[in-house]
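What follows is each chain in one-letter form.
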Amino acid sequence: MFNLITTRKFTKFYFTNPRWWVFSRVMAAIFAGYALATTSSLFLGQLLLQSMGEYQAFHIGLLLSFLIYSCGAMWVFSVSTAKKAWGGLISLNLIFMALTWLLMQVNS
Amino acid sequence: MKGSFRQSMKWLHTWVGLVVGWILVFMFITGTAGYFDDEITRWMEPERPLTATHIDKSKLLDISQHYLETHVKNAKEWRVILPNSRDANLKVMWQEQPEEGKRFGKFSTKVLDTDTDTGLAIDNLRETAGGRTLYRMHYRLHYMPSIVAYWIVGFCTMLMLIAVITGVIFHKKIFSDFFTFRAKKGLIGWLDIHNVLSVTAIPFHFMITYSGLIFFLITYMILSVNIGITETQKDKYFNEVFPRTVEVEKSDDYQPLASLSDMYAKSHKYWQEDTLAYVKVEYPLDKNARVKFTRWNTDLTYNPDDELFFSGETGKLLNIAAKQVTMSGQIHRGFISLHEGLFASPMVRWLYLIIGLMGTGMIASGLILWTTKRKPKQMKNTNGPDFGYRLVEQLNIGTIVGFPIAVAMYFWANRLLPVEMENRAEWEIHCLFISWALLLIYPAFRSGLVAWFEQLKIAAFVFCFIPVLNFITTDKHLGISLPLRDWNYAGFDLVMLVIGVAFAFTAYKVKKHIPVAQKSHAKLTKNDIENKVTDETISTLAATKETS
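Going down the list, the protein sequences come from chains A and B. Position 22 (the first sequence) corresponds to 22 in this note's numbering; numbering is contiguous. Position 391 (the second sequence) corresponds to 499 in this note's numbering; numbering is contiguous.
So that you can see chain B by itself, here it is in the shape it has in the complex (with noise of 0.2 angstroms):
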């Protein structure tokens, strides 16, 4: 299309990038806050207890079980979450019997009490969307159904697979430029950073972008799904790539559940580390109840032995048959595990974070060099940059710095929305996009340079005031959770300060850009300065004529 391969490919990635570039960054940056999301439930339920890891794990199970045996009774499953590296707290979850027709019953969670033997739950949780609902975005977005969410997402997604594809072929020195990074202004050094945080991550940015558009398959290849099999082939298709556990039938005969700490204590034969994670009970106090003990995960796609089976009638270990998998259902689920991460390890978790960081880096810094080599030619024109151009830079500037504001407004609005404010968890989220949307439409009225500085020194108070709003409006600031090594919640409050450090270091960077005439705000326009020049020669006509 513009000449040899190579320049049409160069074509196609610029636009493709900037058409989705925005949405991008949205989903980047919601994206990795979900490599967190239980980290940031934590904080935005502050009133649950610190810690309940140093508790031993057969007393966590009496006092889940003693719990959901009194408070839920009917119940299609129960679940126990015991205290983890991500989230410190004892938790049940439940799901009730699902109504006619339907596959699932409501979810319902709750933290426990572990100082009381009882097992109380904590009630008073403020209501709060929490960090699952912040992940939610990065695939569902808001404010619209599921399935166009769904497919607004993909056609993003498809986009930028193909912004990857061709990145990596247009590029022509792939391997050199690894190592050639110019700290120079302006063009040279926005495209140096936009090749560095490409190249270094590629595979995890192709992995991200392919697996992400492999989670709904069946959805975005509807149509070949449709004509390839009937509908009857449908569930033996579903079977064999995401085979099930034999199912369990319901009796309907009441029966106690056998005591889970004994189970933990048959599951020490099989596995040496105690690396239990959750317990899950199906149809708790049936006479056919089954209780699944799951440990974290030793493999990315699925290892027979990390699932135990118990009898919840005896508390004998069954001997249930392992899930048949299929090569292409092993990959499938390999992508998938690679793109949550949920296998991660403390210090791998960390790393994909750095890794989504730089790829929200990547697509940021793309957006800033199309704006950036158009500037001169731009600057030129006698009326001003055209409506294109202002429209990217605002854009710009309202995504790549004002998303994160608007995040941090979600925190705040977490902290001082009221307490008892009726649907509060949904207001938290209006807070965040109230606050994007204004923070889009401020740069409209500013010049690019200043509009950059401002909302950049907004970024870093809004997030270096986190942990200072923390201290105001709870009683586990720092100078409590840092002594007692609750590194969940402390950990939140360092991370917002880390991040309002960096917008503070890049707004002072900015700023030293900025021309001195528009430091003061005040536009020079051609008029202006020939009012000037009409004001200065009449003076000095003035004065030419007294001193005759």
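Chain A with its partners taken away, still in its complex shape (with noise of 0.2 angstroms):
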């Protein structure tokens, strides 16, 4: 019983406080960022295989994938919550691997 209360004073203490937010957000800035810049390299490198040819697709993919990276980074510290900021680069992620897949299947 004591223990469970004190459990929950460490949770409440813990998690509540502001800072962890942020802390979320800069993991999802980093890590979810990262993941969007290579999702939406290789996206790049399908949507312009056609036209561009495929090596230059793919490096045109690259060389975005900084600019990318920025915009992920600077959504996740405009939006309300950090759960929303996860939730926002994990789907945009799928959707990119979505279309990815969709456009090989297409370009094969």
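Careful, some of the hints might be misleading.
The calculated lysine to aspartate or glutamate pairs, modelled on EDC-like cross-linking and capped at a C-alpha distance of 20 angstroms, are [stated by the list, open to error]: (1) B/Lys199 - B/Asp594; (2) B/Lys431 - A/Glu54; (3) B/Lys483 - B/Asp494; (4) B/Lys342 - A/Glu54; (5) B/Lys344 - A/Glu54; (6) B/Lys431 - B/Asp407; (7) B/Lys184 - B/Glu208; (8) B/Lys377 - B/Asp413; (9) B/Lys388 - B/Glu415.
Rather than coming from a laboratory, the hints here were simulated on the basis of the structure.
From these two lone chains plus the hints, build me the complex, please.
The structure is reproduced here in structure tokens:
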């Protein structure tokens, strides 16, 4: 019983501290943002494949990835909650992955 | 996150800037110095003869060829770098045959003495890390494996890119601020300085940050590369993005090299102007040897006409197919050229230096702004400013003024360390980092403004003293280099002097702001004041007693 109360106090103290949410956002920006840069570059590589040729399309995807990374990171810090930030980036990643897969079917 | 979108961006701008600000100051200073790396190396090797630009290029080619043929027999590649506006000496470089399984062999460089026809290398050059190592710290840091350094640098650059973009976003009146510079003290003054330095050079700041990331495109986006293309496709991809000229096959049959000066005469037919920059010989003294003449870039990316190929055996002009460049490859090359500024004429190079210093100033003023904004509130704290504030202030002083001093100590070490010392080049670098470490710690024992003032004084002294040091330790001081108009050598001394004077001026400005109480280095604490009061009361009491 006593244990339960202290644990609750513990979780309440640490996880309601706004710093944790900032930390969570930083993690989202760094890792989910990097994932976004990767998936978006692969998507662009497939999207431009027909018009630019395989390697150029891929290269353009890589060149633009840093800008997409910055936009993703900025977006993480502009939404109202950290949960939204994670949710948004993860779903965007999934969308890019799905689109890349679709385009790969079309291109091959 | 903080109310409106603009407010969130402002918050983000502040914190990404603060987190990596000090490393960025380090990168900007070393990078800016890198635009003059050849000139710095030349100053750090004072044993070199003064200048060789007055000698005809075909004679210089003869001298170099003679030297290389006699001294460097089994090399993969020779290079002759002709005297130019950045480096007035004749230099030869060569690459030894690579070891099993390696792509490149060991590189060596020699400066040639042009006074004798046989071309002797100047062998008594002191061992120095030179301008090149200073420049290499810009992207490779030091004391760590290169891959770790690349990722640290990449992280900082990425945050700087975010800082640049957010800065533009939350800035409401980007154009009106361009014209409003209020020379005020305190917060508004620093804000205006930060704005002017950022806004005036914003295209440069964006270009330099973005292109910095592009340098290590494959390293940073390794996940994409591993998923996107297979191992076998990688070679094709690299060849398409960074095409190379058809390579030479080594034949292993000995064949003396045709005269380089004859080829030089032939090159005049194709290049009206005499702009030959360097000559490269692939597989010299081989039957299949190929000679490449390269002139100063006439294009930001790639102009096939900048290169002429000759057969090493016959000396005849070869018709080598131009490299096939792609659009994305051109964009890539363009950004990298802009970043490196190798195409820059002397004027443009000076512009690079000035904008580089503006970038340094932008980051430095941003860091100072962080403390200036929080100062009034921090000073009201009963226990004095808190730890975070003091840490930022200390790092600011130790980096913004401390790091330039450390660079000056690097130049001092070059002149003062014994010439025969072992690992001399490495010790020059140790001197730089030891001084920086000391200057980072020093402000902990001083109150803010006093530490600023004292370090600025040190900076003014160490920079102004460099020409004097050069005068004492070498025979090529300003009194000799100026009349001979060796601008690269004299220019270094003069620039150091200018930097020293600038620091002295800043120190003078800062001195005015130091309260009188702190000037005598006696910090008045609450206790002191109380003691003083009691002393006074006692003496007045005693005085009243006496009179009564």
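Cross-check of the supplied hints:
For the hint pairing B/Lys199 with B/Asp594, the CA-to-CA distance comes to about 17 angstroms; that is within 20 angstroms, so the pair holds. Of the supplied pair hints, the one linking B/Lys431 and A/Glu54 holds, its CA atoms being roughly 19 angstroms apart against a limit of 20 angstroms. Distance restraint check for B/Lys483 and B/Asp494: the Cα-Cα separation of roughly 11 angstroms lies within the 20 angstroms cut-off, and the hinted pair is therefore satisfied. A C-alpha spacing of about 12 angstroms is found between B/Lys342 and A/Glu54, which places the hinted pair at or below 20 angstroms, so the restraint holds.
A threshold of 20 angstroms between alpha carbons decides the hint, and for B/Lys344 with A/Glu54 the separation of about 10 angstroms falls inside it, so the pair holds. For the hint pairing B/Lys431 with B/Asp407, the CA-to-CA distance comes to about 14 angstroms; that is within 20 angstroms, so the pair holds. Straight-line distance between C-alpha atoms of B/Lys184 and B/Glu208 comes to about 13 angstroms, which keeps the hinted pair within the 20 angstroms bound. Using a Cα cut-off of 20 angstroms, the hinted pair B/Lys377 and B/Asp413 holds, with the two alpha carbons roughly 12 angstroms apart.
Note on B/Lys388 and B/Glu415: the hinted pairing holds, with a Cα-Cα distance of about 11 angstroms set against a maximum of 20 angstroms.
The earlier numbered hints are all upheld by this structure, with none contradicted.
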